[in-house]
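S.K.: Listed below are the residues making up each chain.
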Amino acid sequence: MDKTVPQNGKSKRGGKRKAEVEATTTAKSSNVHPLADALMVLERVAQGDLSARVQALSGDDPAVVQLGELINRALSRAITSVSRDGIEKASELLVKVADEGDLTSWNVTSEDAQLRGLFDGVGRVLETQRTFVREINEAALRLSSSANEVLAASTQHETSSTEQAAAIHETTATMEELKHASAQIAENAGSVARVAEETLGAARSGRTAIHEFTTAMQQIRSDGLAVVDSISKLSKRVERIGTVVEVIDEIADRSDLLALNAALEGSRAGEAGKGFSIVAAEMRRLAENVLESTKEIKNLISEIRESTHAAAAAAEASRRATEQGEKLGSVAAQSVDGILSGVQETSDAARVINLATQQQRTATEQVVASMSEIEDVTRQTTQASRQATSAAADLAQLANRLAELIKRFRAD
Amino acid sequence: MIEAASASECSLLFFEIAGQTFAADPLEVVRVDRRDTDLPIVEIMPATPKGTRVLVAKTASGEFQLPVDRVMGVRRFPNSSLRRPPALALAVSGARANELMGVVLDGQTPVPIMDLKTISARAKSRAKARGR
Amino acid sequence: MTEETPSAKPLREMLADAADHDSVAAVEPELELFCMDMGGERFAVEAALVHEVVRLPTVTPLPGSPPFLLGVCAHRGEVLPVVDLPRLMGRGEARATNRSRMAVVRFDGMVVALLADQIEGLTRVKANLLEPAPMGATQRGAEFLSGVSSDPLGTFSLLDLKRLVQVARNRAGGGT
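Here the protein sequences line up with chains E, D and Z, keeping their order.
Residue 1 is where the first sequence starts when you use our numbering, and the numbers rise one by one after that.
Residue 413 is where the second sequence starts when you use our numbering, and the numbers rise one by one after that.
Residue 545 is where the third sequence starts when you use our numbering, and the numbers rise one by one after that.
Just to be clear, a hint being listed does not mean it is correct.
What the hints assert, rightly or not - Using 30 angstroms as the maximum straight-line C-alpha spacing, the simulated DSS-like pairs for lysine-lysine come out as follows: (1) Lys-236/E / Lys-274/E; (2) Lys-295/E / Lys-233/E; (3) Lys-298/E / Lys-462/D; (4) Lys-236/E / Lys-462/D; (5) Lys-470/D / Lys-274/E; (6) Lys-553/Z / Lys-274/E; (7) Lys-529/D / Lys-274/E; (8) Lys-529/D / Lys-295/E; (9) Lys-470/D / Lys-529/D; (10) Lys-295/E / Lys-236/E; (11) Lys-274/E / Lys-233/E; (12) Lys-462/D / Lys-529/D; (13) Lys-470/D / Lys-553/Z; (14) Lys-89/E / Lys-407/E; (15) Lys-407/E / Lys-96/E; (16) Lys-529/D / Lys-553/Z.
Claimed, not checked - Between beta-carbon pairs, the in silico distance windows are: (17) Arg-268/E / Gln-710/Z: 41 to 51 angstroms; (18) Leu-286/E / Gln-710/Z: 52 to 62 angstroms; (19) Ser-492/D / Val-598/Z: 18 to 28 angstroms; (20) Ser-492/D / Pro-676/Z: 26 to 36 angstroms; (21) Pro-611/Z / Glu-306/E: 40 to 50 angstroms; (22) Glu-296/E / Thr-530/D: 20 to 30 angstroms; (23) Gln-710/Z / Ala-533/D: 19 to 29 angstroms; (24) Ile-278/E / Arg-447/D: 24 to 34 angstroms; (25) Glu-303/E / Gly-431/D: 21 to 31 angstroms; (26) Arg-268/E / Pro-676/Z: 52 to 62 angstroms; (27) Gly-665/Z / Arg-268/E: 45 to 55 angstroms; (28) Glu-596/Z / Thr-449/D: 30 to 40 angstroms; (29) Gly-431/D / Glu-282/E: 23 to 33 angstroms.
As the list claims (entries may be wrong) - These stretches of chain D come out as covered by chain Z in the derived footprint (C-beta under 8 angstroms, 3 or more residues): (30) 485-495; (31) 504-515.
Because the hints were derived from the structure by calculation, they are not lab data.
For glycine and all other residues, C-beta sits at the position ideal for the given N, C-alpha and C.
Using the sequences and the hints given, assemble the complete structure.
M.R.: As structure tokens, then:
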């Protein structure tokens with residue numbers, strides 16, 4: 001019922017008295033003294049309730065009863081004045097203000113000077129209220145828009161921060177991969193360098209071996225030449241022997257002939273030829289022995305010739321082989337030299353790679369560290385952004401609520 | 413066992429041609445020699461190429477050479493081991509039959525004894541036709 | 545035979561006096577026919593003429609002799625001519641293996657060793673069963689045969705040795 005802001009003191013007092021009165025009323029139920037009732041009504045009127053009327057209009061005291069009637073008449077009259085309309089309208093409008101918040105439709109006036117003053121005063125209050133509401137509306141709008149801007153900005157910032165954090169995280173991850181990769185490269189370069197070193201060592205010892213081999217081949221070749229020389233000398237000697245044997249053969253053959261003819265003569269001579277025949281026979285045996293021997297020698301010579309031929313062939317083959325060997329040796333030496341230079345390059349390259357990857361690894365680590373710091377900062381920023389966003393959201397919400405609240409009041 | 417040739421013994425010159433053994437009367441052999449380009453050649457049968465010996469015998473008109481592979485030497489045999497050539501052999505061999513003087517039994521092996529004199533007749537007629 | 549003389553006789557003379565054989569007892573004639581395989585054919589000679597059958601000894605060829613005269617061999621101190629009969633007859637040749645046999649045949653003062661593939665042995669034949677040898681282009685050497693006959697083992701040709709020698713002698717174109 002009463003929607004205007006009540007004054008604290010009155011309400012308290014009123015409440016207390018009301019309670020007393022009500023207590024008195026209820027105690028006496030239908031036997032209320034008209035005076036008491038009249039007092040009660042006056043109290044109520046004093047309190048503002050113009051609707052109070054004296055109810056106890058019967059009693060012993062006709063003057064009290066008249067009083068009661070008069071009070072009622074006075075009260076009725078009080079509010080049946082013209083100003084009652086105005087007050088009704090005013091109270092209607094006030095109710096409207098209270099209910100609808102409409103601050104614009106106050107146009108109540110009264111012929112009653114006091115009422116007029118009151119109405120004007122209310123009007124001024126309402127005007128002030130209107131201004132107030134307008135300003136609050138504007139402020140609320142401004143606040144709302146600012147809050148939204150802040151929200152947008154901080155949301156944007158938050159998004160950016162999040163994106164940045166993600167980017168940084170990705171970068172960090174990539175850097176980590178890069179760190180791994182370069183560690184791998186460094187390791188590989190390291191093993192390549194090791195292998196190159198080993199190969200280098202092997203190639204060097206290979207070169208030494210080839211050199212020794214070539215020297216050995218040369219030695220064999222010179223030995224082979226000596227062998228060929230010896231064989232040739234041997235062949236010549238064998239040929240000389242052969243010649244000598246031929247001569248011996250010739251002699252033996254002639255001796256044989258001689259002996260045969262001697263035997264012939266012996267047989268012709270008969271008895272006288274006995275001794276002759278003996279000699280002849282012996283000569284024949286001798287010649288036969290010699291022929292046998294020379295035959296053996298000739299066989300030996302053949303065998304020796306075969307052997308020397310074989311030896312010569314072998315020596316020749318050996319010579320060819322050593323020539324071949326020397327050629328191969330020089331080819332191999334060239335190959336090894338090629339390998340050596342190639343390996344040296346590889347070794348150097350590997351070392352360079354190793355160094356580079358070391359440097360890269362350091363740099364990468366530094367980057368990763370920096371990234372880490374940036375990430376921390378970014379996280380903090382994001383955090384702050386989130387908080388800001390949250391606050392802005394709250395603010396916006398409040399602004400909205402304010403705007404909503406103010407909307408209830410129509411200032412224009 | 414070299415003894416003088418007694419009346420009950422004879423001497424024979426043994427030689428070999430192409431693996432076959434022959435004999436001849438040593439008195440008919442002038443000498444044993446090496447192949448000679450000058451003398452006419454008469455063959456009993458072809459000697460192997462590596463034979464270097466010849467029996468040199470005499471003809472009315474000179475000497476001729478008989479190529480042989482090997483001359484074994486003069487051997488003595490008891491006369492009891494001499495045989496005439498078998499009649500059939502002589503009968504069927506025709507003109508060449510006369511060149512077989514006889515046969516000597518060297519154990520169980522008959523060895524033909526060639527008649528160099530008769531053979532020498534061939535030299536006279538054929539020496540000019542053959543040339544080596 | 546020979547006696548001690550102060551000087552050795554020329555060989556020719558000695559050969560002229562040489563014996564034909566060691567003292568050998570006269571062999572007993574056979575009365576039947578003697579069969580042998582020569583060059584794949586069955587031949588027979590009068591058993592009386594066959595002196596002996598021996599394994600083939602060393603045969604020394606004689607240079608300048610016809611092909612059917614394989615050479616000479618020593619037999620009981622005799623030097624015998626060894627004849628390849630089929631070759632003589634132009635009917636092939638006897639196969640001289642280590643199984644070969646030699647039939648020593650005597651007639652008319654002549655001794656011949658016939659090379660046989662295989663010796664069969666004695667067989668009897670009635671003289672009146674002898675038939676003349678068939679003549680013809682395929683039957684060469686028919687002139688050497690007395691005839692043909694047969695026995696339980698088959699047909700055979702009877703050799704006329706005399707004729708054989710005669711023909712051989714004539715062919716050689718000369719005689720002793």
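S.K.: Take the hints in turn and mark each one as holding or not.
M.R.: Right, here's what the structure says about each hint:
Taking the CA atoms of Lys-236/E and Lys-274/E, the gap is about 47 angstroms. The hint is violated against a cut of 30 angstroms. Of the supplied pair hints, the one linking Lys-295/E and Lys-233/E holds, its CA atoms being roughly 24 angstroms apart against a limit of 30 angstroms. Under the criterion of a C-alpha separation no larger than 30 angstroms, the hint pairing Lys-298/E with Lys-462/D is consistent with the structure, at around 16 angstroms. With a C-alpha separation of about 27 angstroms, the suggested pair Lys-236/E and Lys-462/D falls inside the 30 angstroms cut-off, and the hint holds.
For the proposed pair Lys-470/D and Lys-274/E, the alpha carbon gap of about 25 angstroms is at most 30 angstroms, so the pair holds. Note on Lys-553/Z and Lys-274/E: the hinted pairing holds, with a Cα-Cα distance of about 17 angstroms set against a maximum of 30 angstroms. For the given pair, Lys-529/D sits about 26 angstroms from Lys-274/E by alpha-carbon distance, which is consistent with the 30 angstroms threshold. About 36 angstroms separates the Cα atoms of Lys-529/D and Lys-295/E, which puts this hinted pair outside 30 angstroms; it is violated.
As the CA atoms of Lys-470/D and Lys-529/D are separated by approximately 8 angstroms, the hinted pair is consistent with the 30 angstroms bound. Restraint check for Lys-295/E and Lys-236/E: satisfied, since their Cα atoms lie roughly 20 angstroms apart, inside the 30 angstroms limit. A threshold of 30 angstroms between alpha carbons decides the hint, and for Lys-274/E with Lys-233/E the separation of about 51 angstroms lies outside it, so the pair is violated. Restraint check for Lys-462/D and Lys-529/D: the C-alpha separation of about 26 angstroms stays at or below 30 angstroms, so the hint holds.
Our distance criterion of 30 angstroms between C-alpha atoms is met by Lys-470/D and Lys-553/Z, whose separation comes to about 21 angstroms. Between the alpha carbons of Lys-89/E and Lys-407/E the distance comes to roughly 24 angstroms, so the proposed pair stays at or under 30 angstroms and holds. At most 30 angstroms may separate the alpha-carbon atoms for a hinted pair to count; Lys-407/E and Lys-96/E meet this at roughly 15 angstroms. Restraint check for Lys-529/D and Lys-553/Z: satisfied, since their Cα atoms lie roughly 17 angstroms apart, inside the 30 angstroms limit.
Remark: the range hint 41 to 51 angstroms for Arg-268/E to Gln-710/Z is upheld by a beta-carbon distance near 43 angstroms. Taking the beta carbon of each, Leu-286/E and Gln-710/Z are about 55 angstroms apart, inside 52 to 62 angstroms as hinted. The hinted range of 18 to 28 angstroms is satisfied by Ser-492/D and Val-598/Z, whose Cβ atoms lie roughly 22 angstroms apart. With their beta carbons about 47 angstroms apart, Ser-492/D and Pro-676/Z fall outside the hinted range of 26 to 36 angstroms.
Between Pro-611/Z and Glu-306/E the C-beta distance comes to about 45 angstroms, which sits within the given range of 40 to 50 angstroms. Taking the beta carbon of each, Glu-296/E and Thr-530/D are about 41 angstroms apart, not inside 20 to 30 angstroms as hinted. At roughly 28 angstroms, the beta carbons of Gln-710/Z and Ala-533/D sit within the given window of 19 to 29 angstroms. Checking the proposed 24 to 34 angstroms range against Ile-278/E and Arg-447/D shows it holds: the Cβ atoms sit about 29 angstroms from each other.
A beta carbon spacing of about 28 angstroms between Glu-303/E and Gly-431/D agrees with the range 21 to 31 angstroms that was offered as a hint. For Arg-268/E and Pro-676/Z, the hinted distance range of 52 to 62 angstroms is satisfied, since their beta carbons lie about 60 angstroms from each other. At roughly 53 angstroms, the beta carbons of Gly-665/Z and Arg-268/E sit within the given window of 45 to 55 angstroms. Look at Glu-596/Z against Thr-449/D: about 51 angstroms separates their beta carbons, and that is not inside 30 to 40 angstroms.
Taking the beta carbon of each, Gly-431/D and Glu-282/E are about 28 angstroms apart, inside 23 to 33 angstroms as hinted. Counting residues of the segment 485-495 of chain D whose beta carbon lies closer than 8 angstroms to any beta carbon of chain Z gives 4, which meets the minimum of three for the stated coverage. With 11 residues bearing a CB less than 8 angstroms from a CB of chain Z, the segment 504-515 of chain D meets the requirement of three and the coverage assertion stands.
Checked against the numbered hints listed earlier, the structure breaks hints 1, 8, 11, 20, 22 and 28; every other hint is satisfied.
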